[in-house]
Amino acid sequence: RKGLAEEVRTKERERDKDVMAEIPGLATAWDSVLERTSPAMLKTVVTFGLHELFYWGSYVPFFVMDQIPALRRWKIQPDVVNTGVTQWKCAKLIIMNHLAVVLPLVFLSHLFEGAGSLQADAELPTLATIALQVLVCFVIEDFLFYWGHRALHTRLLYRLFHHVHHEFSAPLGLAAEYAHPVEVIFLGMATVVGPLLVNAHIITTWVYLFLRCLQTVECHSGYDFPWSLNRWFPLYGGADFHDHHHKHYSGNYASIFTWTDAVHGTDEAYRKWKAEQRRQLSKADDVAADAAVSAKQATPSEIDSADEREAKVPNSAIDARSSNVKTTQMAT
Numbered sequence: 003r004k005g006l007a008e009e010v011r012t013k014e015r016e017r018d019k020d021v022m023a024e025i026p027g028l029a030t031a032w033d034s035v036l037e038r039t040s041p042a043m044l045k046t047v048v049t050f051g052l053h054e055l056f057y058w059g060s061y062v063p064f065f066v067m068d069q070i071p072a073l074r075r076w077k078i079q080p081d082v083v084n085t086g087v088t089q090w091k092c093a094k095l096i097i098m099n100h101l102a103v104v105l106p107l108v109f110l111s112h113l114f115e116g117a118g119s120l121q122a123d124a125e126l127p128t129l130a131t132i133a134l135q136v137l138v139c140f141v142i143e144d145f146l147f148y149w150g151h152r153a154l155h156t157r158l159l160y161r162l163f164h165h166v167h168h169e170f171s172a173p174l175g176l177a178a179e180y181a182h183p184v185e186v187i188f189l190g191m192a193t194v195v196g197p198l199l200v201n202a203h204i205i206t207t208w209v210y211l212f213l214r215c216l217q218t219v220e221c222h223s224g225y226d227f228p229w230s231l232n233r234w235f236p237l238y239g240g241a242d243f244h245d246h247h248h249k250h251y252s253g254n255y256a257s258i259f260t261w262t263d264a265v266h267g268t269d270e271a272y273r274k275w276k277a278e279q280r281r282q283l284s285k286a287d288d289v290a291a292d293a294a295v296s297a298k299q300a301t302p303s304e305i306d307s308a309d310e311r312e313a314k315v316p317n318s319a320i321d322a323r324s325s326n327v328k329t330t331q332m333a334t
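The sequence shown begins at 3 in our numbering and counts up one residue at a time.
Keep in mind that the hints were calculated from the coordinates and are not lab data.
No residue lacks a Cβ here, since even glycine has one placed at the ideal position from N, Cα and C.
There's no promise every hint is true.
Here are the simulated DSS-like cross-link-like pairs (lysine-lysine), alpha carbons at most 25 Å apart as the crow flies [stated by the list, open to error]:
| id | residue 1 | residue 2 |
| --- | --- | --- |
| 1 | LYS276 | LYS94 |
| 2 | LYS298 | LYS276 |
| 3 | LYS91 | LYS285 |
| 4 | LYS94 | LYS285 |
| 5 | LYS249 | LYS274 |
| 6 | LYS274 | LYS298 |
| 7 | LYS274 | LYS285 |
| 8 | LYS298 | LYS285 |
| 9 | LYS298 | LYS77 |
| 10 | LYS94 | LYS249 |
| 11 | LYS276 | LYS91 |
Cβ-Cβ distance ranges computed for the label pairs, FRET-style [stated by the list, open to error]:
| id | residue 1 | residue 2 | range |
| --- | --- | --- | --- |
| 12 | PHE227 | ILE97 | 37 to 47 Å |
| 13 | GLU169 | TRP275 | 36 to 46 Å |
| 14 | VAL35 | THR131 | 34 to 44 Å |
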């Protein structure tokens with residue numbers, strides 16, 4: 003017994019050395035969670051609760067931004083304002099979908115873990131493992147979402163289901179999951195498949211879920227800031243990429259990255275629009291530069307001539323008035 007206990011303590015120290023060196027105290031905290039909560043509860047109720055926290059929490063900053071007029075300069079469609087009525091309409095459908103669709107899906111995904119499984123054991127993944135698996139999940143989700151989303155834009159499926167999501171031609175962050183219940187199931191599977199295929203630990207799944215909620219809310223926010231990720235990482239679509247889809251109802255079908263649309267040519271209208279934007283911006287810069295050069299090149303003689311012409315105006319007016327008076331007197 004002493005030998006077995008010592009072996010267990012040795013393994014725990016080795017595990018703590020690997021994990022706690024990266025995040026101090028995480029292994030101990032996780033052990034405490036496992037003592038109080040079953041793996042089934044972690045995979046279902048806790049996961050659903052975290053999804054709600056991540057989704058609604060991701061929208062809070064953008065809701066605050068919508069109340070600040072000065073920030074509308076960064077809105078992609080600044081002339082469109084989503085009122086409180088439209089936001090409440092959006093929120094009601096999302097709440098219904100989360101309770102009637104997402105929650106049952108979370109439980110079903112736990113029941114059908116035979117094709118893959120989410121780990122909820124004591125052995126925590128390293129940060130490198132989490133980062134790699136989250137990236138793989140994003141790539142899988144983006145690929146599956148592209149084809150599912152593109153299918154929803156066929157005439158029949160759009161008329162039956164997808165038109166609901168496109169009620170917002172100028173989307174807001176909350177509208178990310180505003181959709182027909184059938185669409186929530188259909189496209190939601192793209193999000194679930196990744197963690198199951200990579201056999202992700204539940205912690206990795208939660209990290210992925212948090213980043214996915216944050217990404218989809220940002221993507222629908224309608225804001226394109228100078229610090230937005232798509233300006234620093236060109237392969238990421240962001241709000242600028244997806245807002246164009248909502249405005250024109252086609253193209254830019256991928257959820258996260260831009261490469262699938264680029265390969266299949268479904269971003270052609272977007273690329274033409276961006277090229278026209280750059281052309282107009284360049285033209286405006288040229289006009290401003292020409293005006294600045296003209297102002298600098300004005301010679302002192304030109305300025306003096308202008309001053310003389312301005313000074314002569316009152317004299318001319320007086321002479322003209324005097325001439326008119328004399329003519330009137332002569333006529334009298």
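Structure-based check of each hint:
{"no.": "1", "hint": "LYS276 - LYS94", "verdict": "35 Å, violated"}
{"no.": "2", "hint": "LYS298 - LYS276", "verdict": "33 Å, violated"}
{"no.": "3", "hint": "LYS91 - LYS285", "verdict": "42 Å, violated"}
{"no.": "4", "hint": "LYS94 - LYS285", "verdict": "46 Å, violated"}
{"no.": "5", "hint": "LYS249 - LYS274", "verdict": "15 Å, holds"}
{"no.": "6", "hint": "LYS274 - LYS298", "verdict": "36 Å, violated"}
{"no.": "7", "hint": "LYS274 - LYS285", "verdict": "16 Å, holds"}
{"no.": "8", "hint": "LYS298 - LYS285", "verdict": "20 Å, holds"}
{"no.": "9", "hint": "LYS298 - LYS77", "verdict": "35 Å, violated"}
{"no.": "10", "hint": "LYS94 - LYS249", "verdict": "23 Å, holds"}
{"no.": "11", "hint": "LYS276 - LYS91", "verdict": "32 Å, violated"}
{"no.": "12", "hint": "PHE227 - ILE97: 37 to 47 Å", "verdict": "29 Å, violated"}
{"no.": "13", "hint": "GLU169 - TRP275: 36 to 46 Å", "verdict": "22 Å, violated"}
{"no.": "14", "hint": "VAL35 - THR131: 34 to 44 Å", "verdict": "19 Å, violated"}
Figure legend: structure checked against the earlier numbered hints; hints not met, in rising order: 1, 2, 3, 4, 6, 9, 11, 12, 13, 14.
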